[in-house]
Amino acid sequence: MNYDFIAIGDITIDAFIRLSEAKVHCKINREDCEICMRFADKIPYEDVFVVPGVGNSANAAVSATKLGLKSALVANIGDDFFGKQCVQALKKAKVSTEYIATHEKTKTNYHYVLWYEDDRTILVKHRSYPYSLPAMVNPRWVYLSSLGKDSEEFHKMIEQYLMQNPEVKLAFQPGTYQMKMGVEKLKNIYQRTEVFIVNKEEAERILQVAENNSPKSNIQNLLLGLHNLGPRIVVITDGPAGAYASDGKQAWFMKTYPDPKPPYERTGAGDAFSSTFVAALALGNSIEDALRWAPINAMSVVQQVGAQAGLLTKEKILEYLKTAPVDYKPQPI
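Counted from 1, the sequence shown has number 1064 at position 153 by my numbering; the numbering is strictly sequential.
There's no promise every hint is true.
To be verified - Once the Cα atoms are required to be at most 35 Å apart in a straight line, the calculated DSBU-like pairs of lysine-lysine come out as:
| hint | residue 1 | residue 2 |
| --- | --- | --- |
| 1 | Lys1060 | Lys934 |
| 2 | Lys1227 | Lys1166 |
| 3 | Lys981 | Lys995 |
| 4 | Lys1233 | Lys1160 |
| 5 | Lys1036 | Lys1018 |
| 6 | Lys1067 | Lys981 |
| 7 | Lys1016 | Lys1060 |
| 8 | Lys1003 | Lys1016 |
| 9 | Lys1225 | Lys995 |
| 10 | Lys1096 | Lys1016 |
| 11 | Lys1098 | Lys1060 |
| 12 | Lys1091 | Lys938 |
| 13 | Lys1003 | Lys1233 |
| 14 | Lys1172 | Lys1002 |
| 15 | Lys1091 | Lys1005 |
| 16 | Lys1172 | Lys1098 |
| 17 | Lys1227 | Lys1003 |
| 18 | Lys938 | Lys995 |
Treat the hints as calculated values from the structure; they're not laboratory data.
Could you put the whole structure together from the sequences, leaning on the hints where they help?
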């Protein structure tokens, strides 16, 4: 099958454990917060929700499919019950699983999400897999995101594939280990990237810069710094404060779409924004239109549990746009 969108990245199962007895301690600036619970005690929880077939890239593939693109996922699972659950969940979402590799005597990734109030702390365990790139029909877009710490050689395979197939556009939403690998090891991937998406803190980490007292100039410096690494389009999200995008010539600020009610659970908001922005471009929209689409899917996702339940179709996003506030549009900066 010819695909519009192939996502590459690790897949997992998220078990959401909703806590009722915990405390959050933060510094004055609300950063470096810690969640605290009683030690050596029995702590009750409200409920648990198990969500299979998730992860940055899996979420992106499901999002792209709902928006009307033919999508597939390149990922690895174990030959266990949880691996089968992940495949079933993707098939139900109409994402192709033909590029998912099953490994004998290996476990599937399984994460625990400590859900307190409207946010979460995730306990992660990335299994070691023999990463390899399958022979695949070239899609229009490749979406690369979170992979395990033993994936350095795999990134070289991806780099080689992209260099050999210049017609394939790359969207890169780096995960934790990809940022830890550093810019130098991934410099050819950065230079090959069409769309690069991170949040503000991640941009600062990648560029190794400290915040200053001018949010506007700081964002402009971050956009420029990331452009200098090679990406043609750079997007920086800033949570409830909105998002920024630049094509190297023009930059825009985009506010969030109004929440119909307070967020229920925030997992997947970033993935929803990133994948919707890329999918909108893949569907032929402008950067400004992609900026209008992306916050709507992010708004919808935080109203439900997990990263995929709230994802919207293209038709539903267009409905939201019809009733959007008058000032819901990208502002040049």
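Consistency of the hints with the structure:
Proximity of Lys1060 to Lys934 is assessed by CA-CA distance (about 31 Å); at most 35 Å being required, the pair is judged to hold. Taken as a hint, the Lys1227 and Lys1166 pair is honoured in the structure, with Cα atoms around 19 Å apart against an allowance of 35 Å. This hinted pair checks out: Lys981 and Lys995 have alpha carbons roughly 22 Å apart, not beyond 35 Å. Between the alpha carbons of Lys1233 and Lys1160 the distance comes to roughly 29 Å, so the proposed pair stays at or under 35 Å and holds.
A threshold of 35 Å between alpha carbons decides the hint, and for Lys1036 with Lys1018 the separation of about 11 Å falls inside it, so the pair holds. The suggested pairing of Lys1067 with Lys981 holds, with an alpha-carbon distance near 26 Å, which does not exceed 35 Å. Taking the CA atoms of Lys1016 and Lys1060, the gap is near 20 Å; set against the 35 Å cutoff, the hint holds. Restraint check: the Cα-Cα separation between Lys1003 and Lys1016 comes to about 26 Å, which is no more than 35 Å; the hinted pair holds.
Between Lys1225 and Lys995 the CA atoms are separated by roughly 29 Å; this keeps the pair inside 35 Å, and the hint holds. This hinted pair checks out: Lys1096 and Lys1016 have alpha carbons roughly 31 Å apart, not beyond 35 Å. With a CA separation close to 17 Å, the supplied pair Lys1098 and Lys1060 stays within the 35 Å bound. Of the pairs offered as hints, the one joining Lys1091 and Lys938 holds, with about 25 Å between alpha carbons and a cut-off of 35 Å not exceeded.
A distance of roughly 30 Å separates the Cα atoms of Lys1003 and Lys1233; the hinted pair therefore holds under the 35 Å criterion. About 31 Å separates the Cα atoms of Lys1172 and Lys1002, which keeps this hinted pair within 35 Å; it holds. Straight-line distance between C-alpha atoms of Lys1091 and Lys1005 comes to about 33 Å, which keeps the hinted pair within the 35 Å bound. A hinted pair counts as satisfied when its Cα atoms are at most 35 Å apart, and Lys1172 with Lys1098 does not qualify at roughly 42 Å.
Our distance criterion of 35 Å between C-alpha atoms is met by Lys1227 and Lys1003, whose separation comes to about 20 Å. Pair hint Lys938 plus Lys995 does not hold up; C-alpha atoms about 43 Å apart against a cutoff of 35 Å.
Hints 16, 18 from the list above are not met by this structure, while the remaining hints are.
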